[in-house]
Amino acid sequence: MRGDAATRIQRVATIQNAAPGSIAFLANPKYRRYLTDSQASAMILSPEDASGWQGAALVTKNPYVLYARVAAALSPPPPFQGGVHPRAWVDPSAKVASDAWIGPGSVVEAGAEVGARCFIGPNCVIGRDAKLGEDCRLTASVTLCHEVVLGKRVLLNPGVVIGGDGFGIAPEGGRWIKVPQLGSVRVGDDVEIGANTTVDRGALEDTLIEEGVKLDNLVQIGHGARIGAHSAIAGCVAIAGSANVGKHVMIAGMAGVNGHIEVVDNVVITAMGMVTNSVTEPGVYSSGIPLDTQRNWRKNSVRFRHLDEMARRLAELEKKLKD
Amino acid sequence: MRGDAATRIQRVATIQNAAPGSIAFLANPKYRRYLTDSQASAMILSPEDASGWQGAALVTKNPYVLYARVAAALSPPPPFQGGVHPRAWVDPSAKVASDAWIGPGSVVEAGAEVGARCFIGPNCVIGRDAKLGEDCRLTASVTLCHEVVLGKRVLLNPGVVIGGDGFGIAPEGGRWIKVPQLGSVRVGDDVEIGANTTVDRGALEDTLIEEGVKLDNLVQIGHGARIGAHSAIAGCVAIAGSANVGKHVMIAGMAGVNGHIEVVDNVVITAMGMVTNSVTEPGVYSSGIPLDTQRNWRKNSVRFRHLDEMARRLAELEKKLKD
Amino acid sequence: MRGDAATRIQRVATIQNAAPGSIAFLANPKYRRYLTDSQASAMILSPEDASGWQGAALVTKNPYVLYARVAAALSPPPPFQGGVHPRAWVDPSAKVASDAWIGPGSVVEAGAEVGARCFIGPNCVIGRDAKLGEDCRLTASVTLCHEVVLGKRVLLNPGVVIGGDGFGIAPEGGRWIKVPQLGSVRVGDDVEIGANTTVDRGALEDTLIEEGVKLDNLVQIGHGARIGAHSAIAGCVAIAGSANVGKHVMIAGMAGVNGHIEVVDNVVITAMGMVTNSVTEPGVYSSGIPLDTQRNWRKNSVRFRHLDEMARRLAELEKKLKD
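Protein sequence lines, in the order shown, are assigned to chains A, B and C. Those letters in the first sequence? Residues 89 to 411, by this note's numbering. Those letters in the second sequence? Residues 89 to 411, by this note's numbering. Those letters in the third sequence? Residues 89 to 411, by this note's numbering.
One chain only, chain A, in its complex shape (with noise of 0.2 Å):
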């Protein structure tokens, strides 16, 4: 720490618009060209940094996750008090710690538990039977199915589905069987899901989304599929049903994985990759071909449903050449 202990700080702020009374941080390379003139009353700075900014600062290894504590500390979501909205519905049969809240319009069926210092927002339904450790936030609009499991402080963004059916159906004779989905999701502590995302319950066994697991808006997870522990996927990917991701797993934007297959730990797969086989070793992977302009994409699409012809010819060429 440098500078004044006095400095009174209120609030976070980028560092090009900040103005004094709050802090910034300097965490992407890119931003560094604001750092002289930021007006920042400190900044929260890399050791390589440092010596860039004259004012007050924290200077540590990691500024942005220094950044994301200070920030929870200055803006922490608004206090509640324990108790259940008048609107709010709670089936006699369900326990609902008394430190916990319900919001209106949220209805909490039958066998269901919520834990100590839960905040259920307005127009969740929480399922029979279902359980929700400590700690946890469901913004508004979520909603878990029957026999679901949460661990600790897992916070649910609006529009999240948990426990929906599976896609379980077996054809017969041209017409489709509803394969009962008969398991459920646990969820582990400490777990983040976005905006509109679903999980789905198991057909038999339960799907597994593991403690530290961060899932963007609109991702879907099939039924029976484990994400494993901290791992990490964006807005839009889809992840079929069975499919086995390790820990520390980060799938990028629009990505697709396959059912009944592995991602071992500490995988990347870039943005819209698609993911058709096993990936068993570490490192990082991508599909996909990138934009151009229509006219050039046109002419070299139309080439490659020619590829395999062309690859024939080359080697034919080869062959002549040699003799």
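There's no promise every hint is true.
Each pair may be met inside one copy or between any two copies, as identical chains are not told apart.
[Unchecked claim] With a Cα cut of at most 27 Å, we get these calculated DSS-like pairs of lysine-lysine:
{"#": "1", "residue 1": "Lys149", "residue 2": "Lys118"}
{"#": "2", "residue 1": "Lys183", "residue 2": "Lys240"}
{"#": "3", "residue 1": "Lys149", "residue 2": "Lys266"}
{"#": "4", "residue 1": "Lys240", "residue 2": "Lys266"}
{"#": "5", "residue 1": "Lys335", "residue 2": "Lys118"}
{"#": "6", "residue 1": "Lys266", "residue 2": "Lys335"}
{"#": "7", "residue 1": "Lys335", "residue 2": "Lys410"}
{"#": "8", "residue 1": "Lys387", "residue 2": "Lys410"}
{"#": "9", "residue 1": "Lys266", "residue 2": "Lys118"}
{"#": "10", "residue 1": "Lys183", "residue 2": "Lys219"}
{"#": "11", "residue 1": "Lys240", "residue 2": "Lys335"}
{"#": "12", "residue 1": "Lys335", "residue 2": "Lys219"}
Don't read these hints as lab results, they were simulated from the structure.
Fit chains B and C to the known structure of chain A by using the hints.
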């Protein structure tokens, strides 16, 4: 059937984790290795696998379908009684069958009709003049907009929206004018729709989801599209407006179907398939680039931008060698 | 205008299915063949098509826009009266205009403001201190989180979530630390958003959806992104955090835009386009591999893994032949 008729089965289980008292099944050859040691009290098997199992067995050509039927019989959804929960709101002009259930927080608007034995879970919305056939099940938090029509035995998972406005906009002087969406949505018998899937109402004529169609989670069906009977569409697929998808079509996850095109009956589209033009013959169709290490992918994808040029250079060489 | 001023029109219809009493339109040349035999009582036509129709007609350069206006006039949304449904919950500190409607099951939290003539359908949530301009319409089951600001005439379809937490996580020792999301979302006038679309609140500064923007269903807008005025984004598109999308941009279905990049005004991205880098010139851009039979696709996509090697071998041959 084979074995002691007095065998008591209480539940279904996977072949590898079955305990005594449960019945398991073997449909996927990958799991054959678990057969000998399974602790199941009975097994559902194909004739080819029957000799590998000494215990009680149900032998059938289609073990998965028989399993589905056994599971449904052993684990039916909990029974319910007809009635309107005191925290539901039903408009006086709506008609709700006496043996249908309207859950807490649900709203049934003016003129809507809810058929016999329907189960409407918590926090659903049944819009003005919507009509539900017999035995529909809306798990929770489902929204049906005005005038939407459901057939019989339709199952809608949480977060489903049917009948939102289609994406109808007309350009005028650099702005978009809204085109009123005056059609509705008709959903046939035995349709099942996954969590947070959206089906838009037609611009002028109705969007059609024909009987027996199964839609997974987070699927988008555009205005005026038709999904033919007994087709199955996996997670995160988008079907654009006025697309005409035939019967018995299977579309794997994250595929996209362009607007105003036709996909004939009995077509299969694999995952992430990009369907820009009509598919006029039954068969299996694919597109996309399979995953590779980022290092390899970069080298190859850069070359894609020059594929047309490569093809021309190849033809040039062939010409030279012919001369 | 052409024809008998006494002609009575009651509704709009498609050119091929119009009955007497309806007005149809011809905007797409594909439908010209239906013109002669249409039973419509009046037709909206371009000057070029006017001679092909003998009946009453509205002749205009932009038949689709005029049709939109006529349809809106003939089929306005049902009128409503101001008020709060007895089953809605409005916090005493919220301000709801006397001519706005709050539907059953909806919740308006502390400090929120709902402007004149707003229609809030059933089961919506208006978060703490959110502000809605005049004439907004939230069909049903919409969730606005705290402090979100809507302009005038904003139309939100069911399941829309605005202001959920952005995907802000910082890595520390193999775990993810949550980065508080302290910005909000500002939505301009005349914006329309489709069912189950999500717009995240900014990490520090607001996410911006400028005036006249149209978003289709299941679109994801990441934290701190900006969508410029009068841009239109089709279904299942994802725009990552801090992306800066210009004005009058059109993005077709399932395309993805990377974070922290810019797409300038007047760009068109075709369906499934993979926008990894900034697009700095107006124009039409594409990517992806068009559909083929699975058999052909397999042969070609295998070769893609060797495209760089093929290019080198081709260059090698060219060199040999030059020598």
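Subject >> Violations among the numbered hints >> reply: 7
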